[in-house]
Amino acid sequence: MEISLFQAFLIGVVYYLGEVGTPWLTLLFSFTGLYRPLIGGTIVGFILGDPVQGCIIGATINLPYIAFINAGGTSPSNPGLAGTLGTALAMAAGVSPAVAISIAIPLGLLGTIIWIAHMSIDVIFVHVCDKAAAEGDINRLCFWHVWPPQIVMAIICIIPVTIGAFYGAGAVTDIIANMPERVLTALTVVGGVLPALGIAMNLRAINREGTLLFFVTGFFLVQYVNLPIIAIAIFAGVIAYVYTKLFMNAEEA
Amino acid sequence: MVENTQAISGEENGVTKKKIVLDRKDVKRAFWRWTFFSHANYNYERLQATGLIYALKPVLVKLYGDNPEAMKEALQRHMAFFNTEPHFGGVIHGIVIAMEEEKANGAPITTEAINGVKTGLMGPFAGVGDTLWQGTLVPILLAIGISLGIQGNLMGPLLYMVLLGVIMLTLAYNIWMKGYEVGSMGIQKIMGGKMLKSIIMGASILGAMTLGALSASFVTVTCPYVINIGEFQLALQTQVFDAILKGMLPLGTTFGTYYLLKKKKMKGTTVLFLLFVLAFTLGMLGILG
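Just so you know, the protein sequences line up as chains A and B, in that order.
Using this note's numbering, the first residue of the first sequence is number 1, and each one after it goes up by one.
Using this note's numbering, the first residue of the second sequence is number 1, and each one after it goes up by one.
Because the hints were derived from the structure by calculation, they are not lab data.
Heads up, the beta-carbon is just placed ideally off N, CA and C, and yes, glycines get one too.
A hint or two may mislead.
[Stated by the list, open to error] Now the in silico label distances, taken between C-beta atoms and shown as ranges:
#, chain 1, residue 1, chain 2, residue 2, range
1, A, 231, B, 24, 20 to 26 Å
2, B, 18, A, 25, 39 to 45 Å
3, B, 28, A, 167, 43 to 49 Å
4, B, 225, A, 224, 20 to 26 Å
5, B, 243, A, 228, 58 to 64 Å
6, B, 159, A, 167, 32 to 38 Å
7, B, 80, A, 204, 24 to 30 Å
8, A, 179, B, 24, 36 to 42 Å
9, B, 174, A, 182, 42 to 48 Å
10, B, 196, A, 231, 27 to 33 Å
11, A, 224, B, 28, 45 to 51 Å
12, A, 212, B, 18, 34 to 40 Å
13, B, 44, A, 231, 39 to 45 Å
14, B, 158, A, 94, 35 to 41 Å
[Claimed, not checked] Derived DSSO-like pairs: lysine-lysine, alpha-carbon spacing no greater than 30 Å straight-line:
#, chain 1, residue 1, chain 2, residue 2
15, A, 245, B, 194
16, B, 194, A, 131
17, A, 131, B, 28
Turn these sequences into a full structure, and let the hints steer you where they fit.
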């Protein structure tokens, strides 16, 4: 499949709209929307004329990032880039969803650069805002909060992705064709391990004694009892309520 | 429709005082400005500081619009470092709006008091919010969405997005408005009482158990290695690991990662590279697959 320059540009725009800190769709529909490969991949599929294939590939690429967390300004990977450019290149190269993960994971690693770049560059605008604050000029402050950072963000998001989607497909096809089977398997192994990072980072964010016991309970309810996640979430809600209630009452007594 | 600025004249010690009253429309406008623009200038130095000012603009203009000195003070007050989970943390914004309103009307509320509320609440609400949003709700809905999407069913992404949007926006809006209603009076209730403690405890249990289920379902580590000793064959995965404890490799991987983050205090990115190199190497050697 060929990706036209216009399609490549649209994919760049989709990536920009999903990046953390792009205001136009709200943080909810960007960071927990387009930024997730399930959503980003489907939209890229629409652009390339096959939303169903985009959805399948996007959903597959999303697996390593199922519990992805961005907290306190640290982001250990970029599922947004993996989901948009990854799906585009996988569709263009016509590879299976499993191979798509192998294309997407290195992109997700590479994408951290975009995050670090905008988090660093935006510091400049904070200092301009400091000056505006010292003059009591709220309009100027609000201008510098939105437009300069968004222009920078649009440039560092749209240009690399447009180029990557337009020129990358051929390169990816060649690389995949010449890649030993073993390397693809090894990248799949990486894909299987990666959800552990998001889960562990979430556990660290919870940061409470005794939480690991509840973690282990949830883990083995799936391993041995084979309960679906939604069922466990419901039980977890009930247990959380009862436990907290009892704990608080005991403390009061 | 209530007028934007209400000028209520009251006799206080013989002096006529103008009272500035915010109406719910201003508070709602601030909510939507925050919902869209909270992270537009997210940065390493002060994270959401300018996002909070951007959100509060309609409020600040109404309260301090004709008092440049007070406006300057307010802007400089809110340029301080601020970072919380943007939906559950909205309770802080609600309270801050209420405090600014009282301050503008002469209540003895200091800059330190307002910043104290912000810094005191932003951590706990970031913890609760991230656990419930990024750690629980998003992965659960994604798990459902992915299971449909992976079969080519477009209802997968659609269902995920609609459910998440409705649940989170409803929560965020009500939490924000609640914060404004309880105002500075509510801080004692939240901080001192057992409410915050209960919420944190409940959220962490719910989050931890769900994460355990996610770990079992999505962390895939298998060992296809078969040891050959003459006639005797030993398949490590089925005859050793599964026999001892089902899922011991994924569980071990998750705990190992947690250990590096928590006890070794490694950065997420460092751990990512470690995991990548380790998994890739073991995959190349055929030990994992």
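Status of each hint after checking the structure:
no.	hint	in the structure
1	A:231 / B:24: 20 to 26 Å	violated, 40 Å
2	B:18 / A:25: 39 to 45 Å	holds, 40 Å
3	B:28 / A:167: 43 to 49 Å	holds, 47 Å
4	B:225 / A:224: 20 to 26 Å	holds, 24 Å
5	B:243 / A:228: 58 to 64 Å	violated, 25 Å
6	B:159 / A:167: 32 to 38 Å	holds, 35 Å
7	B:80 / A:204: 24 to 30 Å	holds, 26 Å
8	A:179 / B:24: 36 to 42 Å	violated, 60 Å
9	B:174 / A:182: 42 to 48 Å	violated, 53 Å
10	B:196 / A:231: 27 to 33 Å	holds, 29 Å
11	A:224 / B:28: 45 to 51 Å	holds, 49 Å
12	A:212 / B:18: 34 to 40 Å	violated, 57 Å
13	B:44 / A:231: 39 to 45 Å	holds, 41 Å
14	B:158 / A:94: 35 to 41 Å	violated, 26 Å
15	A:245 / B:194	holds, 10 Å
16	B:194 / A:131	violated, 41 Å
17	A:131 / B:28	holds, 28 Å
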